[in-house]
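There are 4 protein chains.
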Amino acid sequence: MPKKANHPPEESLGLERIVFFSDAVMAIAITLLAIDIRVPEIEPALAVAELPAQLAAITPNLLTFFISFIVIGIYWISHHRYFSYIKRYDTRLMLLNLMFLFFIACMPFVASLLGRFPSVPIALVTYTLAVAALGISMALIWRYASNNYRLIEPNLDTGTIRTINIRLFVAPLMFLVALPFAFVSTLAVIVVWWLSPLAVILATRLLTRK
Amino acid sequence: MPKKANHPPEESLGLERIVFFSDAVMAIAITLLAIDIRVPEIEPALAVAELPAQLAAITPNLLTFFISFIVIGIYWISHHRYFSYIKRYDTRLMLLNLMFLFFIACMPFVASLLGRFPSVPIALVTYTLAVAALGISMALIWRYASNNYRLIEPNLDTGTIRTINIRLFVAPLMFLVALPFAFVSTLAVIVVWWLSPLAVILATRLLTRK
Amino acid sequence: MPKKANHPPEESLGLERIVFFSDAVMAIAITLLAIDIRVPEIEPALAVAELPAQLAAITPNLLTFFISFIVIGIYWISHHRYFSYIKRYDTRLMLLNLMFLFFIACMPFVASLLGRFPSVPIALVTYTLAVAALGISMALIWRYASNNYRLIEPNLDTGTIRTINIRLFVAPLMFLVALPFAFVSTLAVIVVWWLSPLAVILATRLLTRK
Amino acid sequence: MPKKANHPPEESLGLERIVFFSDAVMAIAITLLAIDIRVPEIEPALAVAELPAQLAAITPNLLTFFISFIVIGIYWISHHRYFSYIKRYDTRLMLLNLMFLFFIACMPFVASLLGRFPSVPIALVTYTLAVAALGISMALIWRYASNNYRLIEPNLDTGTIRTINIRLFVAPLMFLVALPFAFVSTLAVIVVWWLSPLAVILATRLLTRK
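Protein chains in written order, with this note's numbering: chain W, 1 to 210; chain X, 1 to 210; chain D, 1 to 210; chain L, 1 to 210.
Note that these hints are calculated values from the structure, not bench results. Heads up, some of the hints might be wrong.
[Said to hold, decoys possible] Straight-line distance between alpha carbons at most 25 Å, and here's what the computed PhoX-like set of lysine-lysine pairs gives:
| id | chain 1 | residue 1 | chain 2 | residue 2 |
| --- | --- | --- | --- | --- |
| 1 | W | K87 | X | K87 |
| 2 | L | K87 | D | K87 |
| 3 | L | K87 | W | K87 |
| 4 | D | K87 | X | K87 |
Using the sequences plus the hints, can you model the full thing?
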């Protein structure tokens, strides 16, 4: 049953504006990811001969752009899905959402850092921490909104709420698990990242078993 | 008749948010195209004498900006038109749409590459592939949504659905046909590009004849 | 009385999406204007002593940012006001609107050019032409939409329609009148610009007298 | 009781578009804040050894990004909250709102300036003035809209209106109070900034006492 929040929940137009603002920030960040990929500077006379090699040299930037696009894309889908259950809002939800958007706004910088220095541990660690923080923010939004049905629709069953909670916390945890591998190799980190969907599925199955 | 999708189709507010997010990404990409055009760096004392020549030197950048603006503009009109027939959504549609937006987000980079190196084959090939991939994504969105009336409105006649399918696949095919010309000359590629609307009209006439 | 357009006028959701896309492009262009203002590069030890002079040196950039913000702001208000009368749309309106957005997207570049070379005739001419083209696009949108009540609401009186037509064409004309002054001095051009609201008021009075 | 404005208040769709445009500008400015943080340029061979120190060197940029994100975030919440009371609009409200958005658009530049020169008085003064101007614009919007219930909903009690007025003017005043400290030390300025929420609470208590 819905419990009263500290700040009185307000009308749906206000909620739409929060969702809209978030969409705009995510749209900008996802599009700016590619802006940082610098076109190589080559003298015109040498361009035909040297451009292929120069483009090959920015492959890490292109890969990081691709991975970061997927990261923001997945969190946009998450935000889209879980906010469809949220029916009211208060100032704390707005602040948690701003925290989420802060880490979205960090993505172009950390992606650019990783693209430039793909095998430097501190670049990998920074990137991993930013993605983990993004995931934790989304998890906190859901935890706050769903706790005691504070801001979500009252018809949602407790099983679904719990499954979402698990999913949202396991994903960033996997990113943190990848952290020590940053000092081994970039490849190891990426392998752990790709395992995270598996971990999410496994954890959901184990923890929601009746 | 509408067939049930893997993921249950959801309400119209969610669809609006998908359309909104896409509009925002397209608006950002189309505006960022011009950002990459660098103002020439000239010493103040020489500016009056040298600026005209320096501006003439960035003509390829201005042309690529103009062509890319038209490309994104046309695909925005397409997206606008075909999403007006789409009435439901599922996760796969969201992923296909993200694929479309990925190639939209690539446009400023590939346009910048072509603007800087207009006669280097690899720059032309990269640009052509990006535009073709954009077109194929739009075609896949329509194919997925319209197949068995999965997500579109049930009143649309099959002739219209088929015509849209042909149109959306022929345009990117023409861009791929232009690919080998990249190794001949930039002009040849551009001529083939301009023929693509003709090819679309021809193909539509030939393939939809009763 | 409304006349039938070539393309059948469509529903209001589609119109909303056109307005939304335009707002997004204008919002991005108006915010990107300031991005181009480069923070001076000074060695830390000399920063306290040299920063004031270096900031003074970028005054033209700040002024151009300010003027361009007003230009886009005024055209945003125009777009907001005149689209509130437009109730239907067709493909031609979308293309005219894309033309308007093209010149909006050009503003950051031409503003940056003028900010860097405020007293070079070609920079002044380019800027003036871009602003005039922006105004002419807005005027063409109105002319197309209001002609024979093609797309506007049928209750609007003919006097208002005519006044808007005059207003929208006189403003860019004044910018074109300023063009020859570009070869005299920057100040002369700016004076003519500031006279354009006066010209708009005068022309409206003279041409709409009964 | 609502008083008639110079310009006739218009319908709610127009108001939505104003709010939307403002959200888009704020979303872009808040995301662009991070774009200016430059990834260090280091030769690949030295990257592992030098990157940590180089990242430490851009700490002021990261801090300014963080502070500016909070500033725009807080004003977005303000704009969201107070515009929910505004039910009509006129041209003057649009112009005041454009003034507010002008200072929003200035934030990436002034933040970048402060991030690069955190201990140079003129950079601190510029930043402080921009934030104060932002706050004063928001206060003027409220003052204009709420004066004699010009544009706000008629049911709002006068106490709430007055409290908002005080809050919105005290915050930028505190930023101006911080101004002379710019010539003492950066830390002193930041301390005064952090005191501003306290000042807002105190002033609200003192001035709204019955």
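Going down the list of hints, with the structure as the test:
1. W:K87 with X:K87: Roughly 22 Å between the alpha carbons, so the hint for K87 of chain W and K87 of chain X holds.
2. L:K87 with D:K87: This hinted pair holds, its Cα atoms lying about 22 Å apart.
3. L:K87 with W:K87: holds (22 Å)
4. D:K87 with X:K87: Given pair K87 of chain D, K87 of chain X holds - Cα atoms ~22 Å apart, limit 25 Å.
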